[in-house]
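S.K.: Listed below are the residues making up each chain.
2 protein chains.
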Amino acid sequence: MLQQRTVFFISDGTGITAGALGQLLAHFPQTNFAQVRAPFTDSIAKIEEVKQRILIAKVADGMRPVVIMSLGNVEHRLLIKTADAYFIDLFQTFIDPLGLELAQEPLTGKGIAHGVMGANYHERMEAINFTLGHDDGMTNNGFEEAEVILIGVSRCGKTPTSVYLAMQFGIKAANYPLIPEDFERGTLPEVLYKHLHKIFGLTIKAERLHNVRSERRPNSFYASLENCKKEIATAERLMLKNNITWADSTSRSVEELSAIILQKIRQPAN
Amino acid sequence: MLQQRTVFFISDGTGITAGALGQLLAHFPQTNFAQVRAPFTDSIAKIEEVKQRILIAKVADGMRPVVIMSLGNVEHRLLIKTADAYFIDLFQTFIDPLGLELAQEPLTGKGIAHGVMGANYHERMEAINFTLGHDDGMTNNGFEEAEVILIGVSRCGKTPTSVYLAMQFGIKAANYPLIPEDFERGTLPEVLYKHLHKIFGLTIKAERLHNVRSERRPNSFYASLENCKKEIATAERLMLKNNITWADSTSRSVEELSAIILQKIRQPAN
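One line per chain: the protein sequences are A and B, in this order.
No gaps in the numbering here: position 266 of the first sequence is 317 in the working numbering, and each next residue is one more.
No gaps in the numbering here: position 29 of the second sequence is 80 in the working numbering, and each next residue is one more.
Just so you know, these hints were derived from the structure itself, not from any lab.
All figures in this text were calculated on a predicted structure; none of them were measured in a lab.
Just so you know, not all the hints are guaranteed correct.
The list makes no distinction among identical chains, and a pair is therefore deemed to hold if it is satisfied within one copy or across any two copies.
[Claimed, not checked] The calculated DSBU-like cross-link candidates involving lysine-lysine, where the alpha carbons are at most 30 Å apart (straight line), are:
| no. | residue 1 | residue 2 |
| --- | --- | --- |
| 1 | Lys315 | Lys97 |
| 2 | Lys245 | Lys102 |
| 3 | Lys102 | Lys315 |
| 4 | Lys132 | Lys315 |
| 5 | Lys109 | Lys315 |
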């Protein structure tokens with residue numbers, strides 16, 4: 052049985068810095084983390100209120116909560132730490148020491164413009180617009196501009212992966228479905244052949260695809276296990292024939308798939 | 052002038068844990084960080100290769116690089132640390148101590164299924180599909196299902212913000228543009244009135260909107276500063292009249308806008 056534990060993300064700003072640390076929790080799959088966000092915690096009164104919520108969570112779980120905190124104000128940090136919790140203090144552990152290394156006073160609270168200041172923010176926003184305009188074979192125009200084109204059978208995870216690549220890494224990711232017509236013809240859609248070098252394939256286990264498709268169209272031929280198996284086998288054969296690298300999305304998140312794709316298209320660095 | 056500094060994200064898995072810490076760098080706007088990802092660094096040979104790259108970056112920058120590392124293998128950790136760099140070791144600083152608190156051995160490397168294991172992964176993927184199907188007023192069906200509907204003038208940031216809300220928080224976010232017809236009529240689009248409680252507005256400074264629109268349609272009436280000013284003023288008046296909360300996207304990233312919207316629609320917790 053999973054252990055239940057509440058995690059608070061407490062910040063004097065938007066909570067983006069503290070929230071990012073939520074990724075660490077994936078290292079502990081035996082615990083069911085209930086995540087509570089407390090952004091804009093920038094006054095004594097708000098700190099006191101969060102302290103109350105920590106106490107309530109502790110009583111409910113029968114375990115002291117984990118608190119991941121990013122508070123620039125030293126007085127607020129000390130006050131919150133009088134609560135009974137396990138604290139991960141980003142300023143103390145990371146930001147202040149890094150500031151010493153860089154010989155810079157770190158920004159705190161609302162002063163931080165996450166992302167906006169980054170040179171690649173504009174690039175990320177443009178990539179999102181591109182990806183939304185090139186989802187699911189919506190148009191064949193602009194494939195020249197794409198950095199990667201994801202292909203695969205319907206509902207194998209192309210869309211969320213494309214969106215994540217664009218959002219997180221500023222990659223103009225188009226995606227194009229492989230459909231029954233392609234399987235009958237036994238070739239990739241014509242439009243793809245001149246872009247083979249930037250195509251990456253996704254595949255999925257038949258049982259999973261059957262489940263996913265059944266949610267949309269229960270009891271259809273489209274969703275049947277038999278059809279899923281056949282589509283997947285044919286799609287993989289097409290990709291193999293054209294020397295296209297692919298990854299299985301069945302037990303991988305979009306974050307993981309994106310890391311794999313990034314590794315392939317942006318070797319060796321960056 | 053900005054200080055140039057290379058940051059390595061070194062991981063034995065996808066690099067998602069280490070990469071998340073990149074958010075911390077926003078606290079130091081005076082440094083221009085060149086980010087280098089080194090995922091799947093899971094052998095002595097690969098560690099040695101990354102060490103070489105650290106050395107090269109140090110010579111190029113004239114400053115030792117920052118290394119954010121998530122390596123489960125203790126021998127690999129020690130080896131990488133013989134390089135001349137400033138190390139942020141996520142296992143040593145965070146993951147191992149948190150494991151002690153939770154009385155659990157943390158997963159390492161490829162064992163971690165970031166996101167997939169999370170109860171809300173499916174929810175996030177569904178939200179992305181919803182949001183892509185309800186972008187830019189594409190359809191009025193399904194607004195009942197939306198958790199939030201973003202409105203605002205064309206190119207004020209609705210689409211990327213909707214996508215981020217869906218991707219990051221599993222929020223079904225629709226968006227609907229306010230267009231000249233609405234301004235002439237002086238009312239919101241009819242379809243929105245029964246969903247006023249879940250509408251959130253975005254606005255933007257006229258100069259910025261003028262720049263953004265000019266990239267798409269230079270020298271058009273649509274992109275003219277005069278028209279941008281007028282559209283924005285009318286949109287804000289409409290939102291005010293209907294008691295709609297709004298935020299200015301001019302100097303906020305999608306991460307920050309999403310935090311603000313989340314705070315409003317999911318008060319007080321979670």
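S.K.: If you check each hint against the structure, which ones fail?
M.R.: Number 2 - this is the single hint that the structure violates.
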